[in-house]
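Model the full assembly from the supplied sequences, consistent with the hints where possible.
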Amino acid sequence: MKVSVEINGRAVSHDVEPRTLLVHYIRDHAGLTGTNIGCDTTSCGACTVLLDGESVKSCTLLAAQADGRRVTTIEGLAPETGDWHPMQEAFRQHHALQCGYCTPGMVMAAVSLLDEIPDPTEAQVREGLEGNLCRCTGYHNIVKAVLAAASAAKAGSAGGRR
Amino acid sequence: MIPAKFDYYRADSADEAISLLGEHGEDAKLLAGGHSLLPLMKLRLATPSALIDVGRLSDLSYVRDAGDHIAIGALTRHRDLQVSPVLATHVPVLAHVAGLVGDPQVRHRGTIGGSLAHGDPASDLPAVVLALGGTLVARGPGGERQIDAGSFFRGFLETALAPDELLVEIRVPKCEAGWSYQKFNRRAQDWAIVGAVATRYAGGTGVALVNMGPTPVRAAAVESALASGAGAAQAAEAAAEGTEPTDDLNASPEYRRHLARTLVRRALEEAGL
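If you read the sequences in order, they're chains X and U. The first sequence maps to residues 4 to 165 in the numbering used here. The second sequence maps to residues -16 to 256 in the numbering used here.
The set of hints was computed from the structure by calculation and includes no laboratory data. Any given hint could be a false lead.
[To be verified] Cβ pair distances, simulated, as ranges:
1. SER207(U) - CYS102(X): 30 to 38 Å
2. ARG129(X) - SER235(U): 24 to 32 Å
3. GLY56(X) - ALA(-13)(U): 41 to 49 Å
4. ALA71(U) - CYS102(X): 34 to 42 Å
5. SER7(X) - ALA(-13)(U): 46 to 54 Å
6. ARG129(X) - MET(-16)(U): 41 to 49 Å
7. THR229(U) - GLY34(X): 23 to 31 Å
8. THR124(X) - ALA71(U): 16 to 24 Å
9. PRO124(U) - THR124(X): 47 to 55 Å
10. CYS42(X) - ASP231(U): 14 to 22 Å
11. ALA71(U) - GLY85(X): 38 to 46 Å
12. GLN129(U) - GLY12(X): 20 to 28 Å
Every residue, glycine too, gets a C-beta built ideally from N, C-alpha and C.
Structural data, given as structure tokens:
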């Protein structure tokens, strides 16, 4: 079946089997490998992308369910190549990654979280990231980074040019 | 992991979904948010020959004040329940519990109708609808019928829905008086090892249990103890009566019975029962 998705502002269209998962569509058909596959069982959140602006686990969606919709992956967060999204900048500043495997999903989940709760408490950040596992257990700095990104947005900081 | 092959159909209306169900028979499954079904399909525990996608039927996504009850469209997502102002005022227990299902990503996709129709005894929302004495509206080729929540859950992952029926609406009474939901689990995003819900609403008191048998169950013995004047602590002693808790890696049946009594006591106390 034909599945057409707007990924990071670019129209993508491929003929795929109905059983194709969104994460495979993104990685294998659209060629965007920034989205990782972790547990493959809706637990770890490594494959988190935004679907029409909201965080979803792309291992648990059929590509067909995203047909005609808008997907944002880690590659599409920054406005231009070479730029950083304020959340990416905050992760860099606060050393919010160790091995980095969970990072793309963690960043996407954090962006969605701040969209829903722009000025969260620390507890809200921890609860809001419950769907993302970091096996380096680097949660402390991840939470610090998300809180910093929220403060930066509140202060009207433009955030991140490299 | 990828699911076994299936044919995919996207329904543009509830009636089209019902006619597709009739066409493809018992091997067809409805796909709403897909957060119960797709994991099972990826593990090949479910291998439907056809998927009928009802996920875009936006006319079945709503929360409405219908006077004596609240009407909820079956395709309303957990996230929409969580932030619904109507539920916050009239059925806060449902908004609160919807916010405890899975994690934010799951709540952006999963629907209340999907959760109920899946019939998992470990899910949060079925027990809440059961405790509230809700009514489920199913639509089939012959029209609509109402099913009492108490007779909806028939067995493990088995409901009263016919193979050609679509769950379209869930009706619950307003429950503003007092409520509590106690969920016990080991990791934030997990299913409840045991859960207990207590509600007070016009004309009723409802207590129900999560993961204490093959279906969500009402704690009937607790309800009758309360009706005959028992206090919370005394009524909660009856919480495990008539239950058939499972034995798994997380807990033995004996431990689950203990949890049921403890969580029901806490729920009754918090709900002011």
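Handout entry: Unmet hints by their number, sorted upward, for this structure
Key = Going through the list in order, the structure violates hints 1, 3, 5, 6, 7, 12 and respects the others.
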